[in-house]
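Asker: Same order as they appear, the protein sequences are chains P and U. Residues in the first sequence are numbered consecutively from 1, following the numbering used here. Residues in the second sequence are numbered consecutively from 1001, following the numbering used here.
To be clear, the hints were calculated from the coordinates, so they are not data collected in a lab. These numbers come from a predicted model, not from an experiment. Treat the hints with care, since some could be wrong.
Claimed, not checked - Pairwise CB distance ranges, derived in the manner of DEER restraints: (1) Asn2(P) x Asp1071(U): 49 to 57 Å; (2) Ala1099(U) x Thr16(P): 31 to 39 Å; (3) Gln9(P) x Tyr1019(U): 53 to 61 Å; (4) Gln41(P) x Pro1117(U): 14 to 22 Å; (5) Ala88(P) x Gly1127(U): 55 to 63 Å; (6) Gln1009(U) x Ala54(P): 40 to 48 Å; (7) Glu1060(U) x Ala95(P): 57 to 65 Å; (8) Thr1008(U) x Ala95(P): 21 to 29 Å; (9) Glu1060(U) x Gly34(P): 22 to 30 Å; (10) Arg84(P) x Gln1089(U): 54 to 62 Å; (11) Pro1117(U) x Asp96(P): 48 to 56 Å; (12) Ala1110(U) x His106(P): 32 to 40 Å; (13) Met1(P) x Gln1009(U): 54 to 62 Å; (14) Thr16(P) x Asn1033(U): 25 to 33 Å.
What the hints assert, rightly or not - Below, in silico cross-link-like pairs of lysine-lysine (DSBU-like), each with a Cα-Cα straight-line distance of 35 Å or less: (15) Lys93(P) x Lys128(P); (16) Lys15(P) x Lys1027(U); (17) Lys1128(U) x Lys27(P); (18) Lys15(P) x Lys1093(U); (19) Lys81(P) x Lys1093(U); (20) Lys1027(U) x Lys81(P); (21) Lys93(P) x Lys1128(U); (22) Lys1128(U) x Lys128(P); (23) Lys15(P) x Lys27(P); (24) Lys27(P) x Lys1027(U); (25) Lys1015(U) x Lys27(P).
What the hints assert, rightly or not - Facing chain P, from chain U, some residues (calculated, C-beta under 7 Å): (26) Tyr1019; (27) Ala1083; (28) Ile1094; (29) Asp1114; (30) Ile1121; (31) Gln1123.
We put the beta carbon where it would ideally sit given N, CA and C, even for glycine.
Number of protein chains: 2
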Amino acid sequence: MNIGDVSTQTGLPAKTIRYYEDIGLVKPLRDDNGYRRYRSQDIHKLNFLGRARALGFTIEDCRTLMALYEDDTRASSDVKKVARAHLAQVEAKIADLNAMRDTLGHLIDACAGDDRPDCPILQDLGGKA
Amino acid sequence: MNIGDVSTQTGLPAKTIRYYEDIGLVKPLRDDNGYRRYRSQDIHKLNFLGRARALGFTIEDCRTLMALYEDDTRASSDVKKVARAHLAQVEAKIADLNAMRDTLGHLIDACAGDDRPDCPILQDLGGKA
DNA sequence: CTTGACCTTCCCGTGACTGGAACCCTCATT
DNA sequence: AATGAGGGTTCCAGTCACGGGAAGGTCAAG
Chain P
1 MNIGDVSTQT
11 GLPAKTIRYY
21 EDIGLVKPLR
31 DDNGYRRYRS
41 QDIHKLNFLG
51 RARALGFTIE
61 DCRTLMALYE
71 DDTRASSDVK
81 KVARAHLAQV
91 EAKIADLNAM
101 RDTLGHLIDA
111 CAGDDRPDCP
121 ILQDLGGKA
Chain U
1001 MNIGDVSTQT
1011 GLPAKTIRYY
1021 EDIGLVKPLR
1031 DDNGYRRYRS
1041 QDIHKLNFLG
1051 RARALGFTIE
1061 DCRTLMALYE
1071 DDTRASSDVK
1081 KVARAHLAQV
1091 EAKIADLNAM
1101 RDTLGHLIDA
1111 CAGDDRPDCP
1121 ILQDLGGKA
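Build the full structure now, drawing on both the sequences and the hints.
Answerer: Structure representation (structure tokens):
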């Protein structure tokens, strides 16, 4: 399979697939004309990467997870550790964003949103009261 | 005030303060020795920026908000529009992260986390069954 | 006079790509 | 045989909002 077909199949942009090769995650063969040729195991890896990235794992996490995936002697505790660390990051980010959302929501509610200049949002940002 | 004091006062790193000057957000005066000298209105702007950034507004949003802040003839609806668009982004991001958190949570719960290789997390990423 | 704490500019790196230029390969049509 | 469309290739620059670090100027204190 050429990169275009792989892109269609995996849903990953060709640019991304090449990038994953650049950083050593997926190594396709090459045809005589220089085109990348992907085997089924390459496609499998790319799908793995796509799912891991969709869960928000960093590329380095993905590298670790792939290595574990391909290691028959892995301990599931190692996988769980990576996942738990990532979950903690996600939850921290959610907490940050929730705080922003709450503040933004209050400010927006307090703002008349008409053609007058008075605005609690700007008052707050300006250090207000 | 020199940049170090401003950094202490605003809580912004000196690097960040210089960066804001680079991109034209805050323009301090210069002493004869080339040192930046910040007036109270500069400090005020930097505090404004710090608060806006803490609410997650992009730099471009900050630029817009500062312009509105300094425009006595603004309409609060313009401010509200910017804030609402940003809130929508924040909420979208929260939704994404919540989905990740839920999936990660389920997978982590299902993983034994012992020294055996069997792992539902990797099974899921691998496209499992 | 030197030390140390400031300050300056400049350039590179971050993460995970995305866009675009310039070029090659293959097949089908004119 | 030339042309055009639609693949593919490499390489370079840009994104966003800074942070790290080098090389050097400035200033007050001991």
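Asker: Against this structure, judge whether each hint is valid.
Answerer: Right, here's what the structure says about each hint:
1. Asn2(P) x Asp1071(U): 49 to 57 Å: 55 Å, holds
2. Ala1099(U) x Thr16(P): 31 to 39 Å: 21 Å, violated
3. Gln9(P) x Tyr1019(U): 53 to 61 Å: 43 Å, violated
4. Gln41(P) x Pro1117(U): 14 to 22 Å: 19 Å, holds
5. Ala88(P) x Gly1127(U): 55 to 63 Å: 26 Å, violated
6. Gln1009(U) x Ala54(P): 40 to 48 Å: For glutamine 1009(U) and alanine 54(P) the Cβ distance comes to about 43 Å; the hint holds.
7. Glu1060(U) x Ala95(P): 57 to 65 Å: Violated - the Cβ-Cβ distance for glutamate 1060(U) and alanine 95(P), about 25 Å, lies outside 57 to 65 Å.
8. Thr1008(U) x Ala95(P): 21 to 29 Å: 27 Å, holds
9. Glu1060(U) x Gly34(P): 22 to 30 Å: 41 Å, violated
10. Arg84(P) x Gln1089(U): 54 to 62 Å: 28 Å, violated
11. Pro1117(U) x Asp96(P): 48 to 56 Å: For proline 1117(U) and aspartate 96(P) the Cβ distance comes to about 36 Å; the hint is violated.
12. Ala1110(U) x His106(P): 32 to 40 Å: Check passed, 39 Å falls within 32 to 40 Å.
13. Met1(P) x Gln1009(U): 54 to 62 Å: With a Cβ separation near 60 Å, methionine 1(P) and glutamine 1009(U) satisfy 54 to 62 Å, so the hint holds.
14. Thr16(P) x Asn1033(U): 25 to 33 Å: Violated, at about 50 Å.
15. Lys93(P) x Lys128(P): Roughly 27 Å separates the two Cα atoms, so the pair holds.
16. Lys15(P) x Lys1027(U): Violated, because 40 Å separates the two Cα atoms, which is more than 35 Å.
17. Lys1128(U) x Lys27(P): Holds, at roughly 22 Å.
18. Lys15(P) x Lys1093(U): Holds, at about 24 Å.
19. Lys81(P) x Lys1093(U): Since the Cα atoms of lysine 81(P) and lysine 1093(U) sit roughly 25 Å apart, the hinted pair holds (cutoff 35 Å).
20. Lys1027(U) x Lys81(P): Violated, at about 47 Å.
21. Lys93(P) x Lys1128(U): Holds, because 29 Å separates the two Cα atoms, which is no more than 35 Å.
22. Lys1128(U) x Lys128(P): Status violated; Cα separation ~55 Å.
23. Lys15(P) x Lys27(P): OK: lysine 15(P) and lysine 27(P) at ~14 Å, within 35 Å.
24. Lys27(P) x Lys1027(U): 50 Å, violated
25. Lys1015(U) x Lys27(P): Given that 35 Å is the threshold and the Cα spacing comes to 40 Å, the pair is violated.
26. Tyr1019: 19 Å, violated
27. Ala1083: 5 Å, holds
28. Ile1094: Holds, because the Cβ-Cβ distance from isoleucine 1094(U) to chain P comes to roughly 5 Å (cut-off 7 Å).
29. Asp1114: 6 Å, holds
30. Ile1121: Status holds, d = 5 Å.
31. Gln1123: 9 Å, violated
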